[in-house]
Amino acid sequence: MSEAVSTVAEGATAAVATPVEVVPDASAIPMDEASRLSQILSVEGFDHDKVSALTEEAELDLLQKTMLTTGLMAAQENPELLKVALDKVREALGL
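Anchor point for the sequence shown: position 19 equals 18 in numbering that gives the first Met the number 0, and the numbering is continuous, going up by one each time.
What the hints contain is simulated information worked out from the structure, not anything from laboratory work. Some hints could be false.
Across the chosen pairs, the derived CB separations fall in these ranges [unchecked claim]: (1) Asp31 with Gly93: 17 to 25 Å; (2) His47 with Glu90: 12 to 20 Å; (3) Gly44 with Glu90: 16 to 24 Å; (4) Glu90 with Glu32: 15 to 23 Å; (5) Asp31 with Leu61: 29 to 37 Å; (6) Leu62 with Asp31: 25 to 33 Å; (7) Ser34 with Leu62: 24 to 32 Å; (8) Glu90 with Ala52: 17 to 25 Å; (9) Glu90 with Asp46: 14 to 22 Å; (10) Arg89 with Leu62: 12 to 20 Å; (11) Glu56 with Ser34: 16 to 24 Å; (12) Thr69 with Asp31: 23 to 31 Å; (13) Ser51 with Gly93: 12 to 20 Å.
Straight line, CA to CA, 27 Å or less: simulated BS3-like cross-link-like pairs of lysine-lysine [claimed, not checked]: (14) Lys64 with Lys82; (15) Lys64 with Lys49; (16) Lys49 with Lys82.
Just so it is clear, the structure is predicted and the values come from calculations on it, not from any experiment. The beta-carbon is built from N, C-alpha and C at its ideal position, and this holds for glycine as well.
Generate coordinates for the entire structure from the input sequences, incorporating the hints supplied.
This is how it looks when you write it as structure tokens:
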């Protein structure tokens, strides 16, 4: 794993060290919303502004938000890094 991938992965892992349950039950998400989240949280459908807004609106502590947002910014031009960063966002959001 490259140093950049390792740094992003470590930072993102630290950001989700204390996950906050945003959605108590995944079945409680309306299908349209689940579909939208699935799309923007994928490498193919990634939208930095929408994922950043989603992260900012989530009930996460400031450190988690900062680490996730920083990881996304660093990874947005590299699909391998982006996948790791998006996985960490989904994990932090309980999705």
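The hints, checked one at a time:
{"no.": "1", "hint": "Asp31 with Gly93: 17 to 25 Å", "result": "holds (19 Å)"}
{"no.": "2", "hint": "His47 with Glu90: 12 to 20 Å", "result": "holds (18 Å)"}
{"no.": "3", "hint": "Gly44 with Glu90: 16 to 24 Å", "result": "holds (18 Å)"}
{"no.": "4", "hint": "Glu90 with Glu32: 15 to 23 Å", "result": "holds (18 Å)"}
{"no.": "5", "hint": "Asp31 with Leu61: 29 to 37 Å", "result": "holds (30 Å)"}
{"no.": "6", "hint": "Leu62 with Asp31: 25 to 33 Å", "result": "holds (32 Å)"}
{"no.": "7", "hint": "Ser34 with Leu62: 24 to 32 Å", "result": "holds (30 Å)"}
{"no.": "8", "hint": "Glu90 with Ala52: 17 to 25 Å", "result": "holds (18 Å)"}
{"no.": "9", "hint": "Glu90 with Asp46: 14 to 22 Å", "result": "holds (19 Å)"}
{"no.": "10", "hint": "Arg89 with Leu62: 12 to 20 Å", "result": "holds (18 Å)"}
{"no.": "11", "hint": "Glu56 with Ser34: 16 to 24 Å", "result": "holds (18 Å)"}
{"no.": "12", "hint": "Thr69 with Asp31: 23 to 31 Å", "result": "holds (30 Å)"}
{"no.": "13", "hint": "Ser51 with Gly93: 12 to 20 Å", "result": "holds (18 Å)"}
{"no.": "14", "hint": "Lys64 with Lys82", "result": "holds (17 Å)"}
{"no.": "15", "hint": "Lys64 with Lys49", "result": "holds (14 Å)"}
{"no.": "16", "hint": "Lys49 with Lys82", "result": "holds (16 Å)"}
Checked against the numbered hints given earlier, this structure breaks none of them.
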